[in-house]
Amino acid sequence: FSWLGERLLRNLRMVDSAQLGKMLLGLRQDDEAAICVNRDRRATGKSGEVIANLLTKQARGRVHESPASAIEAERNSKLVLFEDGLWSGTEAIGVLESLLGRRDEGRLKTPPLIDPDILKTLDLTLAYGVATDYAESLVRRFLQNEGLSGVKIVASERVQIAGVELI
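So the sequence shown is residues 1 to 167, counted in the numbering used here.
Incorrect hints may have been included.
[As the list claims (entries may be wrong)] Computed list of lysine to any residue pairs in SDA-like fashion (alpha-carbon distance at most 25 Å, straight line):
# : residue 1 : residue 2
1 : 152       : 75
2 : 22        : 120
3 : 152       : 4
4 : 120       : 68
5 : 120       : 138
6 : 120       : 145
7 : 78        : 106
8 : 109       : 164
9 : 22        : 56
[Stated by the list, open to error] Taking CB as the label site, the calculated pair distances span:
#  : residue 1 : residue 2 : range
10 : 121       : 163       : 14 to 24 Å
11 : 118       : 163       : 35 to 45 Å
12 : 26        : 104       : 14 to 24 Å
13 : 18        : 102       : 30 to 40 Å
14 : 117       : 152       : 30 to 40 Å
15 : 10        : 75        : 41 to 51 Å
16 : 141       : 27        : 17 to 27 Å
17 : 49        : 19        : 17 to 27 Å
18 : 10        : 117       : 33 to 43 Å
19 : 77        : 17        : 25 to 35 Å
Hints in this document: simulated from the structure, not taken from any laboratory.
Since the model is a prediction, treat every value here as computed from it, not as a measurement.
All C-beta atoms, glycine included, are put in the ideal place defined by N, C-alpha and C.
Sequences and hints are given; from them, build the entire structure.
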């Protein structure tokens, strides 16, 4: 997949943290939806920590550290999971598989849900500062295959990296 990296590099531009925070909060379409990020407990300095900090400073209300905590601790049925970018789709699918309880402990991207079936009834928005058309198509296919019709993807900016024939 070296072509993926090459096409991303062609579209590279720097965004400062304040701008990223505004881009992300601009994607929140429902003020009642719980705000969450995905803090990876396996390593520090990951993007989830930066995004949580930005959202905490700019948003009103609590920022949950995982979708599972937003759903199970607070009983939220609407939530927005914020991430910086949707590049290849691998991490997003890994998060969804983790929520569904389909990953081993060492490969979890986020804590699993106690009741994975709740994911089929949630109003979940995956919100990205930037998304590629390639990754978005892979995640949409995964959502369709899993019957997760209540999950939608939004992005502040989209980058076209794949041809129509690949999508």
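Now for the hints, and whether the structure bears them out:
1. 152 <-> 75: holds (20 Å)
2. 22 <-> 120: violated (29 Å)
3. 152 <-> 4: Holds, at about 23 Å.
4. 120 <-> 68: holds (14 Å)
5. 120 <-> 138: holds (18 Å)
6. 120 <-> 145: holds (12 Å)
7. 78 <-> 106: violated (28 Å)
8. 109 <-> 164: Not OK: residue 109 and residue 164 at ~30 Å, beyond 25 Å, violated.
9. 22 <-> 56: holds (12 Å)
10. 121 <-> 163: 14 to 24 Å: violated (36 Å)
11. 118 <-> 163: 35 to 45 Å: holds (37 Å)
12. 26 <-> 104: 14 to 24 Å: violated (36 Å)
13. 18 <-> 102: 30 to 40 Å: With a Cβ separation near 37 Å, residue 18 and residue 102 satisfy 30 to 40 Å, so the hint holds.
14. 117 <-> 152: 30 to 40 Å: violated (19 Å)
15. 10 <-> 75: 41 to 51 Å: holds (45 Å)
16. 141 <-> 27: 17 to 27 Å: holds (22 Å)
17. 49 <-> 19: 17 to 27 Å: holds (18 Å)
18. 10 <-> 117: 33 to 43 Å: Holds - the Cβ-Cβ distance for residue 10 and residue 117, about 42 Å, lies within 33 to 43 Å.
19. 77 <-> 17: 25 to 35 Å: 30 Å Cβ-Cβ, so the 25 to 35 Å window holds.
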